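Model the full structure from these sequences, guided by the hints.
Protein chains in written order, with this note's numbering: chain A, 1 to 87; chain B, 88 to 174; chain C, 175 to 327; chain D, 328 to 480.
Hints are not guaranteed to be accurate.
Partial list, computed: chain D residues near chain C (C-beta under 7 Å) [what the hints assert, rightly or not]:
#, residue
1, Phe339
2, Gly354
3, Thr360
In silico EDC-like pairs for lysine to aspartate or glutamate, Cα to Cα no more than 16 Å straight-line [what the hints assert, rightly or not]:
#, chain 1, residue 1, chain 2, residue 2
4, D, Lys454, A, Glu77
5, D, Lys454, D, Asp340
6, C, Lys314, C, Asp217
7, C, Lys301, B, Glu105
8, D, Lys454, D, Glu396
9, B, Lys154, B, Glu164
10, C, Lys301, C, Asp217
11, C, Lys301, B, Glu164
12, A, Lys67, A, Glu77
13, D, Lys454, A, Glu18
Quick caveat, the hints were computed from the structure, so don't treat them as lab data. Since the model is a prediction, treat every value here as computed from it, not as a measurement. Where is the CB? At the ideal position from N, CA and C, for every residue including glycine.
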Amino acid sequence: MSEDHTLTVRFFARLREELNTESLTLPIQPDTTAGQLLTELARRGGAWAQLTGAQPVMIAVNQTMAKPDTPIGPGDEVAFFPPVTGG
Amino acid sequence: MSEDHTLTVRFFARLREELNTESLTLPIQPDTTAGQLLTELARRGGAWAQLTGAQPVMIAVNQTMAKPDTPIGPGDEVAFFPPVTGG
Amino acid sequence: MNYSISVQQDDFDTAAEYQAMRDSGPGTGAIATFTGLVRDSGDLQGVNGLFLEHYPGMTEQVIESLIAEAAGRWDVRKARVVHRVGELALCDQIVFVGVCSAHRGDAFAACAFIMDALKTSAPFWKKELSGSSEHWVEQKASDLARHPGVLKP
Amino acid sequence: MNYSISVQQDDFDTAAEYQAMRDSGPGTGAIATFTGLVRDSGDLQGVNGLFLEHYPGMTEQVIESLIAEAAGRWDVRKARVVHRVGELALCDQIVFVGVCSAHRGDAFAACAFIMDALKTSAPFWKKELSGSSEHWVEQKASDLARHPGVLKP
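Put into structure tokens, the structure is as follows:
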């Protein structure tokens, strides 16, 4: 049952570098949102605290732009990253 | 003294075709404007009457956009043409 | 600001024009280009060619003043205008406008301004050819609305 | 409407991209293109290169939706976006956006819209390299003002 109760979290750009983490596989609680996951990760402290800091953090769920109240569940891919700067 | 008392009039596009005239050399009266010259040419009748008709006629004096009240004199190049449609 | 204008019968090479834009130094961050082509429907349907007349001498002066106006309003590092005259066939290239700038907003704005203003101010006239009929194109109200007044008497 | 998107490390050939735009049939009257280049000053001065990161998969989906939005608002016969990722040097090409349309107003508007929206919505991140220092570029308020909201949580 392990695969069925996890999700993947990905980080990009400055966040990827400062957290020194490209991706995590985490167990997921029922009735969770992307914003709750962000808050939980920020509680790790250190560099992780910036996830709920002054700098905006963008959220994508399954490669689509999402909001803090977007529901997430097992098997989802959740990404956190700074505002985009391509082009 | 003949060269000193004339100006050149040029026509383009639809006007050039309908007047069957590319250019004219005309004697010029003192204290004349581009609009007065246009009115004088329109008095020739036939196709020339359209110069003061419903369709707008643009004016250039010495290759610069001008207005009916722009003064003209000996040696000037005056051009009349339809609204432009390049590009 | 560096600029160049050509009015010519011959076709032009957009690849060479683009390369000249790129060779404008390390401060250039944005290149906007526009190319106009002879298309199959204008005032007439089934257009298979155009005849383009212009006012030699005046044309170049007007385009020069439009480029100067654009350079006064936006950051323009280099501007280029090529406009063909004479007989053109369906799908032929008619006009090229290229602008390079430090920033994309300036490149887009200056390129669109020069192109719009050229259509209402530069002394070119286009005759559409369709089978055996021909028709001098009339100026569009929508063109005047984009860049009003320059040519209004 | 025909479109194509590439996200790649390799450089691209604007001449080939332009030719593909021209080969869009006799109804095309206007081609607008934009190319972004690595320039020498951004957030840092003396920039000599960039590193570009992206979110594979999501990037293409976002650009696809921007093109679809543009095609819903303007006449778009063909649209093309190429964006490079990885390490780029000063003066390198970064991004190409090309749009062809029957009319110039639509070509300009759709090209500028796709480019502006890409800057605020597509998951690319740029790091400036200058001598031994490096700096993740921050999103400009002026970019958000042009195309607000798509990415705001």
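How the hints compare with the structure:
Taken as an interface hint, Phe339 (chain D) does not check out: its beta carbon lies about 12 Å from the nearest beta carbon of chain C, beyond 7 Å. At its closest, the beta carbon of Gly354 (chain D) sits 6 Å from a beta carbon of chain C; the interface hint therefore holds under the 7 Å criterion. About 5 Å separates the beta-carbon of Thr360 (chain D) from the nearest beta-carbon of chain C, less than 7 Å, and the hint is met. For the given pair, Lys454 (chain D) sits about 25 Å from Glu77 (chain A) by alpha-carbon distance, which is inconsistent with the 16 Å threshold.
The suggested pairing of Lys454 (chain D) with Asp340 (chain D) is violated, with an alpha-carbon distance near 24 Å, which exceeds 16 Å. The suggested pairing of Lys314 (chain C) with Asp217 (chain C) holds, with an alpha-carbon distance near 10 Å, which does not exceed 16 Å. Proximity of Lys301 (chain C) to Glu105 (chain B) is assessed by CA-CA distance (about 14 Å); at most 16 Å being required, the pair is judged to hold. The suggested pairing of Lys454 (chain D) with Glu396 (chain D) is violated, with an alpha-carbon distance near 29 Å, which exceeds 16 Å.
At most 16 Å may separate the alpha-carbon atoms for a hinted pair to count; Lys154 (chain B) and Glu164 (chain B) meet this at roughly 14 Å. Distance check on the hinted pair: Lys301 (chain C) and Asp217 (chain C) sit about 10 Å apart at the alpha-carbon level, within 16 Å; holds. Distance restraint check for Lys301 (chain C) and Glu164 (chain B): the Cα-Cα separation of roughly 25 Å exceeds the 16 Å cut-off, and the hinted pair is therefore not satisfied. Between Lys67 (chain A) and Glu77 (chain A), the direct Cα distance comes to roughly 14 Å. Compliance with the 16 Å bound is thereby established for this hinted pair.
Taking the CA atoms of Lys454 (chain D) and Glu18 (chain A), the gap is near 14 Å; set against the 16 Å cutoff, the hint holds.
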